[in-house]
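Please model the entire structure based on the sequences and the hints provided.
If you want the building blocks of each chain, they are given just below.
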Amino acid sequence: MAAPMTNDQSWFYALALGVSFLKCLLINAYHSTDFEVHRNWLALTHSLPAAQWYYEATSEWTLDYPPLFAWFEYGLSHIASFFDKEMLVVQNLNYASPATILFQRLSVIVADVVFFYAVKECCKCLREDKGKYLLGKPSFILTVLLLWNFGLIIVDHIHFQYNGFLFGVLLLSIARHFQNRHFEGALLFSILLNLKHIYLYIAPAYGIYLLRCFCFTQSNADGSLQWRSFSVVRLVTLGTIVLSTFSVSFGPFIALGQLPQVLSRLFPFKRGLCHAYWAPNIWALYNIADKAFSILGVKFKLLDINKLPKASMTGGLVQEFQHSVLPSVSPLATLVCTVLSILPALFRIWHRPNGARGFLRCLVICALGSFMFGWHVHEKAILMAILPLSLLAVESREDARIFLILSITGHYSLFPLLFTTQELPIKILLLLLFTIFSLTSLKTLFRKGGALLNPLEATYLLGLIPLELICEFVYPLTVWQKTFPFLPLMLTSVYCALGVTYAFIRLYISLLTCSDSTKKIKTQ
Amino acid sequence: MENWSLFSLCVLLGLTSRWAVSFHSYSGAGKPPMFGDYEAQRHWQEVTYNLPVHEWYFNTTNNDLNYWGLDYPPLTAYHSLVCAYVAKLLNPEWVELHASRGYESHSHKLFMRATVLFTDILIYIPAVLLYCFYFCDGFSKQKVATALCILLYPGLILIDYGHFQYNSVSLGLALWGILGLGLGWDLFGSLAFTLALNYKQMELYHSLPFFCYLLGKCIKQGLIGRGFFQLAKISLTVLVTFALCWMPFLSDPKQPLQVLHRLFPFGRGLFEDKVANTWCSLNVLIKIKTLLSRETQLFLSFALTLLFILPSSLKLLSKPNLWQFKLALVNSSLAFFLFSFQVHEKSILLAAFMLPLLVKDGLLLPYVVTSLAFLFLSLYLLSHLTRTNEPLFWYFPFLVISVATFVWLEPPAKFPDLFPVLVSILSFLHFLGFIIYFNLVQLMEPQRKKSQKKTN
Chain Y
0 MAAPMTNDQS
10 WFYALALGVS
20 FLKCLLINAY
30 HSTDFEVHRN
40 WLALTHSLPA
50 AQWYYEATSE
60 WTLDYPPLFA
70 WFEYGLSHIA
80 SFFDKEMLVV
90 QNLNYASPAT
100 ILFQRLSVIV
110 ADVVFFYAVK
120 ECCKCLREDK
130 GKYLLGKPSF
140 ILTVLLLWNF
150 GLIIVDHIHF
160 QYNGFLFGVL
170 LLSIARHFQN
180 RHFEGALLFS
190 ILLNLKHIYL
200 YIAPAYGIYL
210 LRCFCFTQSN
220 ADGSLQWRSF
230 SVVRLVTLGT
240 IVLSTFSVSF
250 GPFIALGQLP
260 QVLSRLFPFK
270 RGLCHAYWAP
280 NIWALYNIAD
290 KAFSILGVKF
300 KLLDINKLPK
310 ASMTGGLVQE
320 FQHSVLPSVS
330 PLATLVCTVL
340 SILPALFRIW
350 HRPNGARGFL
360 RCLVICALGS
370 FMFGWHVHEK
380 AILMAILPLS
390 LLAVESREDA
400 RIFLILSITG
410 HYSLFPLLFT
420 TQELPIKILL
430 LLLFTIFSLT
440 SLKTLFRKGG
450 ALLNPLEATY
460 LLGLIPLELI
470 CEFVYPLTVW
480 QKTFPFLPLM
490 LTSVYCALGV
500 TYAFIRLYIS
510 LLTCSDSTKK
520 IKTQ
Chain X
0 MENWSLFSLC
10 VLLGLTSRWA
20 VSFHSYSGAG
30 KPPMFGDYEA
40 QRHWQEVTYN
50 LPVHEWYFNT
60 TNNDLNYWGL
70 DYPPLTAYHS
80 LVCAYVAKLL
90 NPEWVELHAS
100 RGYESHSHKL
110 FMRATVLFTD
120 ILIYIPAVLL
130 YCFYFCDGFS
140 KQKVATALCI
150 LLYPGLILID
160 YGHFQYNSVS
170 LGLALWGILG
180 LGLGWDLFGS
190 LAFTLALNYK
200 QMELYHSLPF
210 FCYLLGKCIK
220 QGLIGRGFFQ
230 LAKISLTVLV
240 TFALCWMPFL
250 SDPKQPLQVL
260 HRLFPFGRGL
270 FEDKVANTWC
280 SLNVLIKIKT
290 LLSRETQLFL
300 SFALTLLFIL
310 PSSLKLLSKP
320 NLWQFKLALV
330 NSSLAFFLFS
340 FQVHEKSILL
350 AAFMLPLLVK
360 DGLLLPYVVT
370 SLAFLFLSLY
380 LLSHLTRTNE
390 PLFWYFPFLV
400 ISVATFVWLE
410 PPAKFPDLFP
420 VLVSILSFLH
430 FLGFIIYFNL
440 VQLMEPQRKK
450 SQKKTN
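Residue numbers (numbering that gives the first Met the number 0), protein chains in the order written: chain Y, 0 to 523; chain X, 0 to 455.
By construction, these hints were calculated from the structure, which means they are not laboratory data.
Incorrect hints may appear among the rest.
[Unchecked claim] Residues from chain Y that face chain X, not an exhaustive set, calculated with beta carbons under 10 Å:
(1) Leu-16
(2) Cys-23
(3) Leu-25
(4) Ile-26
(5) Ser-31
(6) Thr-32
(7) Leu-134
(8) Tyr-198
(9) Leu-331
(10) Ala-332
(11) Val-335
(12) Cys-336
(13) Gly-354
(14) Leu-429
(15) Leu-438
(16) Thr-439
By construction, the Cβ of each residue, glycine as well, lies at the ideal position given by its N, Cα and C atoms.
In structure tokens, the structure reads:
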């Protein structure tokens, strides 16, 4: 006989179960080409020997994740054979039988268990968890912000990806660092890098933090570095952990001499500056400025219209683009910009580390900086900044405010991913759900000290409503829909880029001006 | 967190689950020649748009009543007409006379689903919110929890957004009626309920409690004087509403008769398919369908319905207060469901016992998910908010096992209908138990616990 649920933690399971039910209902929703991508990887890891995984090119969706993820797909493929053997045939391109859809969707839902566990661990890391009632407790708010995160649900369970599982590993690694279990944290992060290499964006934060706060076991009273406390043992252990993870993952391929091929698959620089749908980053603003200048230039007869390259970027295809007025941007330029953007943060935590929280802040800045200045960034990458920021948001007022701006604009910028009419109500309802919850719960949590958002910020966020109405409802009915079909996308990405940039700046300010913690760094 | 935000979160969750269920299949999808309820609704749009009013309920060359003829009161027909106008704007092929039979397309499905969502948002959901806000006992968190449970109720979601119907309109209007009565706005309540009645004749299940409550109230105010005036006003409201709804059909005496004939098909027999009521269950032991003549069947069902409904109604008449009214509603609808003529299983809108129907529609997945979610949620909230140790916990695994059995086991060849029948009989026993229990509660009025009035 089941006992009544008076356990204090039962609300966590209720929330987890609830969101899983919702995910199950979305099994039949639209899925993007990413669905076929993963089916293809299931097929090729199952049918082909490992030596051919990174050479296989029957499908256009070649394997472009690191080897550990390929092994993950390999493991899944064995379960897949119980659902529908046909999906494991490489030649069955775009195969999507009901059993295939059910299996793939369920695999994402089940893999999210890792995420659930990570969230539970993160809740334990909160400094204080007192609240008058359940709905006001930081751990409850954090759990909802993470488990019911709009971006994760939309990208994972409709668009189709395995981000929940991957972010689970990331959040677990962060939690371990908060708990001073640094070896586990490092191991988890190495595993993560070998699952999806996009997390290289935040590797600098890990590197500097671990070096500064872990390898140097002590700091002086004022927080500065104590050179003599360097521990070679720790450095070597960390190095061993990282290297052994990489060797388990890449080793077989290095032995086969396939490393260049693997790397070329993982880092395809032939793609353009901006993804098909522009991510709301600096380059979106840069492109728009370039377009504006070229239009103005032609109008004021400063430029010759025949010398300008054709507008190939506003087409939805992923191509290299030549800017007309402003200088063109190369991959190297973006790399330099990205590094420059995160250097101050890295210096800061080297110079004045603020423990695990400083590390987390630096991590978010690294993620956001790479999002802002990176080459061929996908707007899904905004989740890498939003999710870790949630942890900070339930503890500090300023972070809560940045989180609100970043999450609402970042989530809204994901709308173009679901362009079908059937999914329109779902994305609007879910965004409203998440937004209303985050706004009201954070407002209640930090009600002492006035309003959380100032009028300008509030107006900007409210501006998303007319933007959505125009882009989704009004514009398609106008004449311009035929001639400039990508105008709504441009508008969305430019408008959101403003919010993301603003959040980035504020986050930096908060890092550089945060009152130093006078507490000593704990030694192990 | 403030109340308005909690309530809006409930609404958003409710709407999300509704729309997510609508992604799945509908009744009769891809099953010519008759298809299902979805096609019936589309067909009514076609009929009401293209044909003049006096032909809607009649068998003519243009209107074949055997192919989903209209069998709901006029308000449904007007609703279909409005939808048809919108459909015509979007894509005239959807309501082309004769040519649009069996029309199925993705955009059409979206349109039909959208019409359900629209009326739901307009009528049903505001009624639920107001009801929970004003008439739920307990502190605000309990009200929100109740709202959430009602909004996530799988029966309504699955039938309206899966199978495809517009029950939210009639239930919503009836709920507005209850709200009106509860707030003391008798005329508004009568108007709303009359509209509900004119939308689906199934609302007759609730009509007796409304009647007895209002009559009892008027009697209490004194039949000479205020009470009489009140009664007159209510009667006038009801009559005028009926007249307005039936106006196009009053020109010719044959019209209303034909409509009534369509609404109450006494020719069809005591029951169809597997229904969890007395007659279907009894039929397993004694073949009453064939044993008794149709007149005897009619008389028997009428008598038993009356028998079971009389105590509750009389009690309400003598003590017209809200609590009695609510219980009478439950008892009345149960009585009608169990004993009346030609009951359809959808009349009970209780998810667990509609499984056979939903599996036929290809709605197994949303059924399982919404039912499990609802059961878990209501049990969880129940245990936390009322701090009682309900023995309902055994119910949860029991239902899960019975559902699993139905889905995975093959029935023995000699009794192919074994599982649907078992499910029906089991359900019938539940309902019999409920009607006895609720009647006892209403008639004997055991001590009610003082509800805790905690502040937020």
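Consistency of the hints with the structure:
1. Leu-16: The hint holds - Y/Leu-16 has a Cβ within 10 Å of chain X, the shortest such distance being about 6 Å.
2. Cys-23: holds, 5 Å
3. Leu-25: holds, 6 Å
4. Ile-26: holds, 7 Å
5. Ser-31: violated, 16 Å
6. Thr-32: violated, 19 Å
7. Leu-134: Where the cut-off is 10 Å and the nearest Cβ of chain X is about 5 Å from Y/Leu-134, the hint holds.
8. Tyr-198: violated, 31 Å
9. Leu-331: Status violated, d = 45 Å.
10. Ala-332: Not OK, violated: Y/Ala-332 not within 10 Å of chain X, min 43 Å.
11. Val-335: violated, 44 Å
12. Cys-336: violated, 40 Å
13. Gly-354: violated, 31 Å
14. Leu-429: With a minimum Cβ separation of about 6 Å from chain X (threshold 10 Å), the hint on Y/Leu-429 holds.
15. Leu-438: This hint holds: Y/Leu-438 lies near chain X, its Cβ roughly 8 Å from the closest one there, short of 10 Å.
16. Thr-439: Status holds, d = 4 Å.
The structure does not agree with the numbered hints 5, 6, 8, 9, 10, 11, 12 and 13 stated previously, though it agrees with the rest.
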